[in-house]
Amino acid sequence: KPGRYLDLGSGDKLLNLGSHSYLNLGERPEVEEAALECLHKYGVGSCGPRGFYGTTEVHLKLEERLANFFNCEKAVLYSYGFSTSASAIPAYSKSGDIIYADEMVNFALQRGLQASRSRVVYFRHNDVEHLEELLEEQARLDKKDPKKANATRKFMVIESIYMNTGKMCPLPELVKLRQKYKLRLYIEESVSFGTLGPNCRGITDHYNIPMKEVDMIMATLETSAASSGGFCVGTKFVIEHQRLSGLGYCFSASLPPMLAAASIKVLDILEAEGSDMVMELQNKCRQMQEKLANIHDKVTVTGEDISPVKHLKLAESTGNREADEGILQKIVEKAESYSVALTLASYLWDREANPPPPSIRITVNKDLTTEEIKKACDSIQKAVVDVMG
Amino acid sequence: VAHTEFPAQVSHHKIINNTQFVECNNEKIAGNNAGNDQGNTHQQHGIRATKQNGAASSGFDNVSGSKRSNYHKEEECSLFVAFFTFLSYGVLLFVGYIKEFFSPVTTKEKNREDIEECPPFTTFTIYLSYGVLFFVGYTKEFFYPPSTKEKNREGYVPLYIGFESFYTRNVYRRIQDCWNRTICSVPGAEIDLMERYTPDYGWTMKLTGKTIKCINAGSYNYLGFAENNGPCHDAATQVTKDAGLTTSSPRIELGTLEIHRRLEKLVSEFLGVEDAITFGMGFATNVLNLPSLLGPGCLVLSDEFNHASLILGLRLSGATVKVFRHNDSEDLERKLREALIHGHPRTRRPWKKAMIVVEGIYSMEGSICDLPNFVRIKNKYKTYLYVDEAHSIGALGPHGGGVVDYYGVDPKEVDIHMGTFTKSFGAAGGYIAGSKDLINYLRVTSHAQVYASSMPAPVAQQIITSMTIIMGKDGSSEGRRRIQQLSRNVKYFRQRLRQMGFIVYGHDDSPVVPMLLYLIPKISMFVRELTKRGVAGVGVGFPATKITGGRMRFCLSAAHTKDMLDKILKEVDEVGYLCGSHYSTAVRNSQPVEW
Numbered sequence: 001k002p003g004r005y006l007d008l009g010s011g012d013k014l015l016n017l018g019s020h021s022y023l024n025l026g027e028r029p030e031v032e033e034a035a036l037e038c039l040h041k042y043g044v045g046s047c048g049p050r051g052f053y054g055t056t057e058v059h060l061k062l063e064e065r066l067a068n069f070f071n072c073e074k075a076v077l078y079s080y081g082f083s084t085s086a087s088a089i090p091a092y093s094k095s096g097d098i099i100y101a102d103e104m105v106n107f108a109l110q111r112g113l114q115a116s117r118s119r120v121v122y123f124r125h126n127d128v129e130h131l132e133e134l135l136e137e138q139a140r141l142d143k144k145d146p147k148k149a150n151a152t153r154k155f156m157v158i159e160s161i162y163m164n165t166g167k168m169c170p171l172p173e174l175v176k177l178r179q180k181y182k183l184r185l186y187i188e189e190s191v192s193f194g195t196l197g198p199n200c201r202g203i204t205d206h207y208n209i210p211m212k213e214v215d216m217i218m219a220t221l222e223t224s225a226a227s228s229g230g231f232c233v234g235t236k237f238v239i240e241h242q243r244l245s246g247l248g249y250c251f252s253a254s255l256p257p258m259l260a261a262a263s264i265k266v267l268d269i270l271e272a273e274g275s276d277m278v279m280e281l282q283n284k285c286r287q288m289q290e291k292l293a294n295i296h297d298k299v300t301v302t303g304e305d306i307s308p309v310k311h312l313k314l315a316e317s318t319g320n321r322e323a324d325e326g327i328l329q330k331i332v333e334k335a336e337s338y339s340v341a342l343t344l345a346s347y348l349w350d351r352e353a354n355p356p357p358p359s360i361r362i363t364v365n366k367d368l369t370t371e372e373i374k375k376a377c378d379s380i381q382k383a384v385v386d387v388m389g
Numbered sequence: 001v002a003h004t005e006f007p008a009q010v011s012h013h014k015i016i017n018n019t020q021f022v023e024c025n026n027e028k029i030a031g032n033n034a035g036n037d038q039g040n041t042h043q044q045h046g047i048r049a050t051k052q053n054g055a056a057s058s059g060f061d062n063v064s065g066s067k068r069s070n071y072h073k074e075e076e077c078s079l080f081v082a083f084f085t086f087l088s089y090g091v092l093l094f095v096g097y098i099k100e101f102f103s104p105v106t107t108k109e110k111n112r113e114d115i116e117e118c119p120p121f122t123t124f125t126i127y128l129s130y131g132v133l134f135f136v137g138y139t140k141e142f143f144y145p146p147s148t149k150e151k152n153r154e155g156y157v158p159l160y161i162g163f164e165s166f167y168t169r170n171v172y173r174r175i176q177d178c179w180n181r182t183i184c185s186v187p188g189a190e191i192d193l194m195e196r197y198t199p200d201y202g203w204t205m206k207l208t209g210k211t212i213k214c215i216n217a218g219s220y221n222y223l224g225f226a227e228n229n230g231p232c233h234d235a236a237t238q239v240t241k242d243a244g245l246t247t248s249s250p251r252i253e254l255g256t257l258e259i260h261r262r263l264e265k266l267v268s269e270f271l272g273v274e275d276a277i278t279f280g281m282g283f284a285t286n287v288l289n290l291p292s293l294l295g296p297g298c299l300v301l302s303d304e305f306n307h308a309s310l311i312l313g314l315r316l317s318g319a320t321v322k323v324f325r326h327n328d329s330e331d332l333e334r335k336l337r338e339a340l341i342h343g344h345p346r347t348r349r350p351w352k353k354a355m356i357v358v359e360g361i362y363s364m365e366g367s368i369c370d371l372p373n374f375v376r377i378k379n380k381y382k383t384y385l386y387v388d389e390a391h392s393i394g395a396l397g398p399h400g401g402g403v404v405d406y407y408g409v410d411p412k413e414v415d416i417h418m419g420t421f422t423k424s425f426g427a428a429g430g431y432i433a434g435s436k437d438l439i440n441y442l443r444v445t446s447h448a449q450v451y452a453s454s455m456p457a458p459v460a461q462q463i464i465t466s467m468t469i470i471m472g473k474d475g476s477s478e479g480r481r482r483i484q485q486l487s488r489n490v491k492y493f494r495q496r497l498r499q500m501g502f503i504v505y506g507h508d509d510s511p512v513v514p515m516l517l518y519l520i521p522k523i524s525m526f527v528r529e530l531t532k533r534g535v536a537g538v539g540v541g542f543p544a545t546k547i548t549g550g551r552m553r554f555c556l557s558a559a560h561t562k563d564m565l566d567k568i569l570k571e572v573d574e575v576g577y578l579c580g581s582h583y584s585t586a587v588r589n590s591q592p593v594e595w
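Here the protein sequences come in this chain order: A and B. With full-length UniProt numbering, letter number 295 in the first sequence gets 295, and the count goes up by one each step, no holes. With full-length UniProt numbering, letter number 190 in the second sequence gets 190, and the count goes up by one each step, no holes.
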């Protein structure tokens, strides 16, 4: 059973540093029981889209709980994490609008940007000055043609903690830009759902920004909330539109009710013990960051201290992406023999808009003990030494 | 209609101000008996008359003046204009109807699949009903502008503009209790609907707390596997305990479980192909795999009624898409020939790849695709064939193998089999099956394999159990019984409906039964009245179908018994008389239908 330890077929248990279950809620018995109870009532599938008898009580309850959790008015639930980002953006932004997106947004968001047919302007990763420059330029063009400017909507799409680099976005400055240039702000919070903020409410909690400054938050339930699917939260004005024009919502079967019930239980747990769990997780993340930084001088670790997603990459690239990947893959395989399960961060290189450098993605699990972290870092060190000398 | 001929050297400006031209138009208008001609969109020589109050001549004078400079996007049509468009259609059709009443037109189109044409009077009433709704909406919003304004966003460009939100506010809102209904039981043959009421004419819906027990003719449950007891349920329970709920990782990283491999082998055995690959969501299967298979420089011929997921996937891939008439292999052949001969529209180079994309059963039409002819064309022109069997897998064919099984076509003739597990297997997710080379390629390049989480384990187990039952591998004849029950139910239901006098679309063997109602108010009445009588059906209208195609859609299931079908038919008949939906003018077979 996948959890903190994995069995990759060889029979022995490897420490799992690759799956995205940061709070390890999949191993809690009450979550499993909630799912089984729902299975006994509703069966597995929901056999229909939300509009045609696929909406169960469980879905409505989960949406209500999510909206309350984020202190918003409404939430909308999707049945697949990828579809959430890819359907939410094209529902609002059409051809003729402008979207400012960070260059390291993840692939699902990139598909959403492409599907919307709008003009996409990428700004350098976490570079607020660059974004301001681009917005100034656009403001100058707008002054020359005010009629067109009044018909063009502008959006800003960022992630709270970027899956591709592990860095956190500077939200307060971005909110200021949003107010100044009248953009609409969409944040993708897959990594930070339940892992940031003193009340585990995510990045708006972490920076103490009121929810009315943000137009919409999107996230998947496949990471901390140990189930499947995704959701968007925001004001009623913004969210209800997706019930008719979110393609992944209207034309797809709804989430299996047992997975929704598991998420409701997860929200119960987060509301009860969330702050403690966040503290513990951030502690472990800092420990992991410290240890990984001192492994070897040929590999460096990127990512925030408190981010549960970190990237380990080569300090000096060989110049050839495939060669880099080959070296990292060897490290991953060696680490398996030292009983640590790692994974190479996988990308479709010819489809990504701005492919990041090859790296090993390391995720931190809240339930890792200090000894386990130390052992893991030692194993990785041994693996790196074996491969790179 | 006589076309006025102009000598070649007459300048454009002169044509516009030609009084003869204006008089000719005035004659036509006078003949229409409409005193004030408003909004005739006049298409001669590509001139569009802008709508103005008053006489027609003033409209034409303004044409030369109103230079429409094209912005990068077209300007939205104002609501006033939209109302008058519909009203103008209504008036023209009314006149046409009167004219054809006195001198009927004798040319009739050849019938395909027994589709009866919409009677012209009904078309007129449809446009009239929309015209009235828009008129009321427009007048109301003139005096009371829409009050759902955004807060905290003053000075921002409005998020929703134009016709779509007007339609939602004034048409959809009034009848929205027919959709998004909540259930609180397993979606099997009978469901418990949670009753809702609206305290403010549809702006918000609240639950009353009571439940209504109904026969379920709306969920996609073709073989009746939506159950909360039995072998599927027990196996899923066990697997949840063994393998957890989710892997939180994409397939290519740490997300592949043993159960996924077993599932893929079973799927390939079921379909009779070399290999298969599965994904966590059916919609995403199309959207994320078509871009991996196709790219710019490829040619795709897609059926006119293809599902939104196929259309989105094709758009994201960047291929050139040509649409052919629904299920019409002659139209397909013609368009394919033309496209192959001419090559890429801009570069005139030969296409990199050509593919035909069709569905097994179309969910809004209920028609089964004409597979043998498509296979013949595909072989003749050496293109690929992609069949989306979302609704047909499990529901058609003597072994439940879908449309390929139904026609007895060799599975190797279809290059890419795609389907979903939501409908006949009672689970969720999708698959693609085909040759080993194709699947190996997709395992590495599919967007879903690399970025999206893998299918949850209990869902995979549900599919495995239900598929083993259908194939008969568990030793019982339960699968056989369900398939036969479904096909008997379908034949009985369709024949009885036709006999009663309703217009029913689609082939006789398809478990999706669309029954035409044409008008939006009839759809909402049907749904509400049927619910009162204990039958839960689904009504669909514009924009999911065309504007003259409002319909009720019944989805039959192997879990329905003959008594349930009889009850549904009785209630449908009753409500049909209440709102006058017995449109069929075909000769009715009055022999009693046996189940």
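Honestly, I wouldn't trust all of these hints.
Taking beta-carbon pairs under 7 Å as the criterion, some of the chain A residues facing chain B (in silico) [said to hold, decoys possible]:
#1 His-40
#2 Val-44
#3 Thr-56
#4 Asn-68
#5 Phe-69
#6 Asn-71
#7 Ala-75
#8 Ser-83
#9 Ala-262
#10 Ile-264
Calculated from the structure, these hints are not laboratory results. Even for Gly, the Cβ is constructed at its ideal location relative to N, Cα and C.
Outcome of the hint check:
1. His-40: Hint on A/His-40: holds, closest Cβ of chain B at ~6 Å, below 7 Å.
2. Val-44: holds, 4 Å
3. Thr-56: With a closest approach of 6 Å, the A/Thr-56 hint holds.
4. Asn-68: violated, 17 Å
5. Phe-69: Status violated, d = 19 Å.
6. Asn-71: Nearest chain B Cβ about 14 Å off; hint violated.
7. Ala-75: violated, 15 Å
8. Ser-83: Nearest chain B Cβ about 6 Å off; hint holds.
9. Ala-262: holds, 6 Å
10. Ile-264: Violated - the Cβ of A/Ile-264 stays beyond 7 Å from chain B, reaching only about 13 Å at its closest.
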